[in-house]
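Take the sequence shown: its position 35, counting from 1, is numbered 105 in the numbering used here, and each next residue is one higher.
To be clear, the hints were calculated from the coordinates, so they are not data collected in a lab.
C-beta atoms are modelled at their ideal positions from N, C-alpha and C, and glycine is treated no differently.
Among these hints, one or two may not hold up.
Here are the simulated lysine-lysine pairs, DSS-like style, with alpha carbons at most 27 Å apart [said to hold, decoys possible]:
(1) Lys109 <-> Lys183
(2) Lys142 <-> Lys121
(3) Lys109 <-> Lys121
(4) Lys162 <-> Lys87
(5) Lys114 <-> Lys167
(6) Lys81 <-> Lys183
(7) Lys121 <-> Lys75
(8) Lys87 <-> Lys183
(9) Lys107 <-> Lys81
(10) Lys183 <-> Lys162
(11) Lys121 <-> Lys133
(12) Lys107 <-> Lys82
Quick list of the computed label-pair ranges, beta carbon to beta carbon [what the hints assert, rightly or not]:
(13) Thr105 <-> Asp172: 18 to 24 Å
(14) Glu165 <-> Phe187: 34 to 40 Å
(15) Glu165 <-> Glu77: 19 to 25 Å
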Amino acid sequence: MVDKKFEEILKKDSRYKLEAYLFVLAALEYTREMTGKPKHVTGKELLEGIKQLGLEQYGIMTKTVFESWGVKTTNDFGQIVFNMVASGILSKTEEDKIEDFDNVYDFTEVFEKNYTFNIKND
Numbered sequence: 071m072v073d074k075k076f077e078e079i080l081k082k083d084s085r086y087k088l089e090a091y092l093f094v095l096a097a098l099e100y101t102r103e104m105t106g107k108p109k110h111v112t113g114k115e116l117l118e119g120i121k122q123l124g125l126e127q128y129g130i131m132t133k134t135v136f137e138s139w140g141v142k143t144t145n146d147f148g149q150i151v152f153n154m155v156a157s158g159i160l161s162k163t164e165e166d167k168i169e170d171f172d173n174v175y176d177f178t179e180v181f182e183k184n185y186t187f188n189i190k191n192d
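All chains should be built: construct the whole structure from the sequences, respecting the hints.
So this is what it looks like as structure tokens:
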């Protein structure tokens, strides 16, 4: 049962909140739809999906929301993914490495400095 697996993950690694894990799963589905890949996506593709979904859901508050979950860098998302791999929630290929998530983008740059407001005139 997935709930038990998450409980085990959170006991072993308390750096990240449950919301971060659930968001990564949602971002994985989002990324699969975005890329047209029904199964495996790369770490970089997942991080792009995380970025896009984060901006869609949280806007300029994305970095703040991620940090409230304990996520401060793309490396943290790699830790979350590989925690889920270790617990059997996700799977990986031989080519997948945690290093795929290392410093892919800077949260301040992506979620704050480069953020654009969309103003709709009705």
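Verification of the supplied hints:
1. Under the criterion of a C-alpha separation no larger than 27 Å, the hint pairing Lys109 with Lys183 is inconsistent with the structure, at around 33 Å.
2. As the CA atoms of Lys142 and Lys121 are separated by approximately 13 Å, the hinted pair is consistent with the 27 Å bound.
3. Our distance criterion of 27 Å between C-alpha atoms is met by Lys109 and Lys121, whose separation comes to about 19 Å.
4. A distance of roughly 22 Å separates the Cα atoms of Lys162 and Lys87; the hinted pair therefore holds under the 27 Å criterion.
5. Among the hinted pairs, Lys114 with Lys167 is consistent with the structure: their alpha-carbon atoms are about 11 Å apart, no more than 27 Å.
6. Proposed proximity of Lys81 and Lys183 is contradicted: the alpha carbons are some 35 Å apart, above 27 Å.
7. Distance check on the hinted pair: Lys121 and Lys75 sit about 25 Å apart at the alpha-carbon level, within 27 Å; holds.
8. A threshold of 27 Å between alpha carbons decides the hint, and for Lys87 with Lys183 the separation of about 26 Å falls inside it, so the pair holds.
9. Distance check on the hinted pair: Lys107 and Lys81 sit about 32 Å apart at the alpha-carbon level, beyond 27 Å; violated.
10. As the CA atoms of Lys183 and Lys162 are separated by approximately 33 Å, the hinted pair breaks the 27 Å bound.
11. Between Lys121 and Lys133 the alpha-carbon distance is near 10 Å, which keeps this suggested pair within the 27 Å criterion.
12. Distance restraint check for Lys107 and Lys82: the Cα-Cα separation of roughly 31 Å exceeds the 27 Å cut-off, and the hinted pair is therefore not satisfied.
13. For the pair Thr105 and Asp172, the supplied restraint of 18 to 24 Å holds, since their beta-carbon distance comes to about 21 Å.
14. One distance hint, 34 to 40 Å for the beta-carbon pair Glu165 and Phe187, holds here, with the actual separation near 38 Å.
15. Glu165 and Glu77 have their C-beta atoms about 30 Å apart, which leaves the hinted 19 to 25 Å range violated.
Hints 1, 6, 9, 10, 12 and 15 from the earlier list are contradicted by this structure; the remaining hints agree with it.
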